[in-house]
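Chemist: Sequence:
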Amino acid sequence: MDPNTKIAGTSLLLKPMLELLEQKHPYYRRLTNLGKSVTSFDVTNVSTGFGHGSIVYKINLHFTCHSGLPPETLPVALKVPGAEIYLQQESKFRTILPDNLEERISQEISNVHKTECLFYREISPTLNIKMPKIYATKEWIVGKEQGYILMDDLSEEGIVLSKYDSVSPGQIKAVVKEIAHIHAEYIKAGKSDKWKNVYGKNQEVWAGMTDEFLQLIPAFIDLVSNKDKSNLKKIVLLKLM
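To convert, count from 1 in the sequence shown and add 6; that's this note's numbering.
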């Protein structure tokens with residue numbers, strides 16, 4: 007296997023990811039200490055239809071050993087920010103899009119990704135909250151360096167609801183309880199000023215992107231299924247009310 011293989015068509019190479027896991031993933035180290043090595047890998051896009059500012063890849067690392075030990079597979083997740091989801095249908099409604107749309111959206115997503123990296127790197131370690139294990143973060147410098155978040159794969163420990171599924175009152179209560187706990191831990195940690203400034207700017211970014219996206223909804227309606235058309239038309243009506 008060539009360790010300089012790019013991951014899923016991104017500019018990210020496999021080798022640096024393996025080196026990070028060797029440093030920070032205990033089970034990865036345990037496997038290599040047993041004499042096992044990554045001989046192949048496969049990648050699946052697990053965020054299709056759910057994300058809007060990034061793509062999440064599940065990477066299965068396949069280990070083998072020449073000493074007779076059985077092969078093993080270690081899954082990890084790689085979150086890569088990008089504007090692809092916004093632009094994948096660009097050619098179908100190019101006439102209504104500004105020329106610099108990709109640059110503008112990429113820069114805004116880069117800012118949001120930077121905030122997420124800051125939270126995982128400096129804020130979450132001080133909070134006693136439920137979090138996926140984060141192994142590495144890298145900020146996205148548009149046009150120069152691709153950003154990412156390398157973390158535990160949680161796909162076997164839960165489900166992702168489709169956009170047509172609703173949550174139960176019990177699930178809502180559980181989520182609100184966790185949010186309240188996060189707020190309490192955050193206040194106790196005494197980092198309010200630092201995070202408040204960053205988080206406020208982040209919310210302004212999403213507000214601006216939402217307004218721009220709503221302007222594109224009429225063009226999107228002709229590109230989606232009948233079920234989606236009905237839902238999108240409802241959104242347009244609510245916006246006009």
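Check the hints yourself; a few may be wrong.
The calculated label-pair distances, taken between Cβ atoms and stated as ranges, are [unchecked claim]:
#, residue 1, residue 2, range
1, E128, D158, 28 to 34 Å
2, T45, S17, 22 to 28 Å
3, M7, I135, 46 to 52 Å
Straight-line distance between alpha carbons at most 20 Å, and here's what the computed SDA-like set of lysine to any residue pairs gives [unchecked claim]:
#, residue 1, residue 2
4, K30, R127
5, K12, E25
6, K144, P22
7, K21, A83
8, K12, G41
9, K139, C71
10, K139, A83
11, K179, E162
12, K139, R35
13, K139, L26
14, K136, S161
15, K30, P9
16, K150, K179
17, K21, C71
18, K144, C71
19, K144, V166
Please keep in mind that the hints were generated in silico from the structure rather than gathered at the bench.
From the three backbone atoms N, C-alpha and C, an ideal C-beta is built for every residue, glycine too.
Chemist: Quick one: which hint numbers does this structure break? Sort them smallest to largest.
Modeler: Structure breaks hints 1, 3, 8, 9, 11, 16, 18 and 19.
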